[in-house]
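Protein chains in written order, with my numbering: chain A, 1 to 302; chain B, 303 to 604; chain C, 605 to 906; chain D, 907 to 1208.
Don't take every hint at face value.
Said to hold, decoys possible - If you anchor each label on the Cβ, the simulated ranges turn out as follows: (1) G262/A <-> K598/B: 36 to 44 Å; (2) A1004/D <-> R382/B: 54 to 62 Å; (3) D1019/D <-> P65/A: 38 to 46 Å; (4) E376/B <-> D864/C: 52 to 60 Å; (5) R120/A <-> R956/D: 46 to 54 Å; (6) I223/A <-> Q726/C: 40 to 48 Å; (7) A1076/D <-> A400/B: 30 to 38 Å; (8) R1013/D <-> G262/A: 31 to 39 Å; (9) I525/B <-> R824/C: 37 to 45 Å; (10) A708/C <-> I525/B: 21 to 29 Å; (11) P367/B <-> R901/C: 38 to 46 Å; (12) E950/D <-> R901/C: 27 to 35 Å.
Derived from the structure by calculation, the hints contain no laboratory data. In this text, a Cβ means the ideal position worked out from N, Cα and C, and glycines have one as well.
Protein chains: 4
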Amino acid sequence: MATHRFRPTRYHNTIGTAEPCLRIADGDTIITDTIDASGLDAHEVQVWERPNPMTGPFFVEGAEPGDTLAVRIERLTPSRATGWTYSPLAFTVLDPSAIPDRPANERAVWDIDPAAGTVRLQNPPPGLEGFAPPIQPMIGCFGVAPARGQAISTASSAQNGGNMDYRLFAPGTTVWLPVSVPGALFYLGDGHACQGDGEIVGTGIETSFEMEVTLSVVKRTIIWPRGETADDIFAVGNARPLDQALQHATTEMLRWLNEDYGLDARAASHLMGQVVRYDVGNVFNPAYTVACRIAKRWLTRR
Amino acid sequence: MATHRFRPTRYHNTIGTAEPCLRIADGDTIITDTIDASGLDAHEVQVWERPNPMTGPFFVEGAEPGDTLAVRIERLTPSRATGWTYSPLAFTVLDPSAIPDRPANERAVWDIDPAAGTVRLQNPPPGLEGFAPPIQPMIGCFGVAPARGQAISTASSAQNGGNMDYRLFAPGTTVWLPVSVPGALFYLGDGHACQGDGEIVGTGIETSFEMEVTLSVVKRTIIWPRGETADDIFAVGNARPLDQALQHATTEMLRWLNEDYGLDARAASHLMGQVVRYDVGNVFNPAYTVACRIAKRWLTRR
Amino acid sequence: MATHRFRPTRYHNTIGTAEPCLRIADGDTIITDTIDASGLDAHEVQVWERPNPMTGPFFVEGAEPGDTLAVRIERLTPSRATGWTYSPLAFTVLDPSAIPDRPANERAVWDIDPAAGTVRLQNPPPGLEGFAPPIQPMIGCFGVAPARGQAISTASSAQNGGNMDYRLFAPGTTVWLPVSVPGALFYLGDGHACQGDGEIVGTGIETSFEMEVTLSVVKRTIIWPRGETADDIFAVGNARPLDQALQHATTEMLRWLNEDYGLDARAASHLMGQVVRYDVGNVFNPAYTVACRIAKRWLTRR
Amino acid sequence: MATHRFRPTRYHNTIGTAEPCLRIADGDTIITDTIDASGLDAHEVQVWERPNPMTGPFFVEGAEPGDTLAVRIERLTPSRATGWTYSPLAFTVLDPSAIPDRPANERAVWDIDPAAGTVRLQNPPPGLEGFAPPIQPMIGCFGVAPARGQAISTASSAQNGGNMDYRLFAPGTTVWLPVSVPGALFYLGDGHACQGDGEIVGTGIETSFEMEVTLSVVKRTIIWPRGETADDIFAVGNARPLDQALQHATTEMLRWLNEDYGLDARAASHLMGQVVRYDVGNVFNPAYTVACRIAKRWLTRR
């Protein structure tokens, strides 16, 4: 179980079958750098172009099509003192016939203060002078190479992961992704220091990171991304409209409850009907993201 | 501020402009009975037909079109010892091309145990023998008469409220509804002893209730329902697909932040972008329900 | 088979269970007046309020819940020399992030010239000086009372018909509507002198009409509106998003092909797969409208 | 203006930036072979895997990012005597809660009879013994390489074209595609001998073809595909749900009317409001396709 410190020199704007940047063994840990969604590195130097330049791909020995890659998110440490967001709410979340005065789409800069544990706008508009939500680091975009030679824009997402912008892709979470190519070919980047549901300003607080993840191969097949936190399990669907993302997430959860928790469709529906939670990852990108989440206290692994 | 104990003898399957069952003063409290979604009363006698028979309408003196009706949910007490749910997950939440074995659509009966504070299936399928989530009473369907003579089925919802099935319509919450007719004409019913997000089996745990609400007139205009709990404020949109429900909810929240919290569109988007939460009311009825929610700790009332 | 000349003195902004304006026998013909979508009559006098004031309801003797009402559209004659439209394309049909300069929402007036058989803008903008499409009269909104006491806004539509804005609801077409109340309670109005697909400016050319229809009771049950022209049969779905409207229309057509044309699901899918046509009624109202259409030359009635 | 007879030896399941199979001059014509959607060639030999193997890419000298590639469809000749379809209607076009008996998903084989000009099921089910619609050849999937290194599955579509399954992509039509890479990199395949709207059985009549197209570079920029037939111009949007595809198509048409026909937004909306037509390409693939179409008799090129 080695730990690799990898310093990228090139990035990727699609998640596809590209030349691996590093080959690692099943179970190894990677510590690496990611640049922000617009290509700014830890020194705020523009080192790559938009959108969402990815570090990777990492080739995991032993991963084969039909397997699952487990990604344990060990640590996400912002590598600079500021991040940025856009100003207006996205068109996708507003009633088009009733949009109030729409602010210009300017970048706003936020100070990231690890000592205080907060983020804070550099030039807050009236009413937000004291607004300092907690740093809650998350990975906006990560995934494995999709099947059949596709190279999917890092602006979008699919069964293989991608730009999902879900708050629970955070330190302590383990994520499972369906492998479609030998070595899995794992990419990551687009870190956010904070983000509400839906990524509704089109960004989280975008900044560069040092990210630490552990990658393991599981000899089973899943269809959509799955995850586990200290408290919950969740399944993720990526599609438009939100309804379809929710359908994929719910159907994947139903499969999971059957496979690992011994619940047939009737038992699973009785349980989900009373305790399921739905979270919105993003409602901004070409594919929206919905997570179907269940608290582990209701579940007994078979 | 009188308290009225009202015992209904008839019910309504639409929310419209009907003869008031009771006239009350602005600020009065009502304690009344509601029957379950299928018309069963506290004695499990079928006293009305589906769907979601409503108690009401209550005429609130002083409420005029353009006003807002504040509904404080004081107490929701199940009035019998059992409730029921359907068996399978709704078609609306499953990938139609990948539906696993679909159980028959049978009613399941749950024991409601106020002493233990839990609900429990009478004949649990394998794996759910110990499943006993907490009683979390909520109002599935309530609202005021819509504009222009409409009578909207209690299966659906709109700007005037209706069948929203949102978990936070629970004791302690205050809800605001836009008034379209003199007296507001308030209806309520369809209580659930428990329900996960989305009402994804097509029901909560449906039972009869004694409900206590306080109704007050506010001389301001809103467009979509709003609510406030101990911790949060939220705005609600009702439409299909989920995307549109979310748009209505977000746009209403933007108006609210501007009107009451002094945030212009740019300030509101900076705040919402980092701390907004989206909840799914139902994703089963003709109109779906999404709530846009913000913790009050981020807000300062102007 | 009597013909009734009915002159309305009041109108309706919902389609529901109201007092009949006239009782007719099964098979009778009605000649009546309709006012335009904004309530202007043949003299351009505002006689009722928006939206889409309906003439009716007509009680058809013998019609019972579960029956079908056949509506033969005999004649639609504009009763004044002008109609009006809105200026800009609806928000529902434009990419919200890429909307070009949006014109103000003004009314434009069109001359209706029965002699020339054309409509023509009174003050055409540059480039439309010669634009004179043919008069193609159609009924924008018509339907029968829905079930369970609902009163549905004439801005919207459902299984009972309503504001569908489909070009083939034109002279010579027979339409079938599912009856939910005794007497069917038929309403009509919102005539258009012309309209493209989708009613994408939010109106057709709105004007008052003399309409002639023949109403007959059929002792069979349908779920969604159906229609027949000289060349085609079609089934109509009303819902949002368009996908769902299309699903309802297609499913109703599948039922129809089975019931009347002896095609099982496999045969129907082989036929529809090669020759089906989809038309968009409106993509503007709260419920959108899609028609699933098949040329009669491919069909043999059983 | 040379004509190239190209015989492919390999195919592509994505539309991306791959090694050109042939370089041609601006204005040249290509005659080439395409295999069917499942990889069967003119001899019904499986020579490539699913989905929709493409012939290409063709590099067109002089095409640069920001240009437009004009594709004139000269001729589509089926190269074998049979084609195939699936049996059941797609889940995407049926009401999930009301699906009639669903036939098994078997392949059906159709005879393609150039002499008679018809297609005909080899083993027609009862009621379809005489069903022989006309051969109406069309290209199901074609496009140019997308931007930023994407490789998009030939199951899907986007701004660069792809699997659109629109009946008017037929002989005599000129199609314009937005160029994102040097040489445009044009692909084509997935020919259909016939297909109704929506590709609602998941296929047209899939067969191999000899296709003849002429490719020319236009020094202008478009965003979505455009086309012109003898009678009409049309713009195409590809997205889910149908609403969004329709929005892209309508917005592109608005741009086109402004650029080439001198109509500002107000004039264009007056014209489109009365004469626009919407066609459904496919409502089956990951991205649906809608065309916004206008008859040329209403237009005067500036």
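Okay, the hints, checked on the actual structure:
At roughly 41 Å, the beta carbons of G262/A and K598/B sit within the given window of 36 to 44 Å. Checked against the hint of 54 to 62 Å, the C-beta distance between A1004/D and R382/B comes to roughly 33 Å, which is inconsistent with it. With their beta carbons about 42 Å apart, D1019/D and P65/A fall inside the hinted range of 38 to 46 Å. Taken as a hint, the range 52 to 60 Å holds for the pair E376/B and D864/C, whose Cβ atoms sit roughly 57 Å apart.
Between R120/A and R956/D the beta carbons are some 53 Å apart, a value that agrees with the proposed interval 46 to 54 Å. The given range of 40 to 48 Å is broken by I223/A and Q726/C, whose C-beta atoms sit roughly 59 Å from each other. Between A1076/D and A400/B, the C-beta spacing of about 34 Å keeps the proposed range 30 to 38 Å intact. In this structure, R1013/D and G262/A meet the distance hint of 31 to 39 Å, their C-beta atoms being roughly 38 Å apart.
Between I525/B and R824/C the C-beta distance comes to about 43 Å, which sits within the given range of 37 to 45 Å. The hint said 21 to 29 Å for the Cβ distance between A708/C and I525/B, and at roughly 23 Å that hint holds. At about 54 Å, the CB distance of P367/B to R901/C disagrees with the hint of 38 to 46 Å. Against the hinted window of 27 to 35 Å, the Cβ-Cβ separation of E950/D and R901/C comes to about 32 Å, which satisfies the hint.
The structure fails hints 2, 6 and 11 (numbered hints given earlier, in ascending order).
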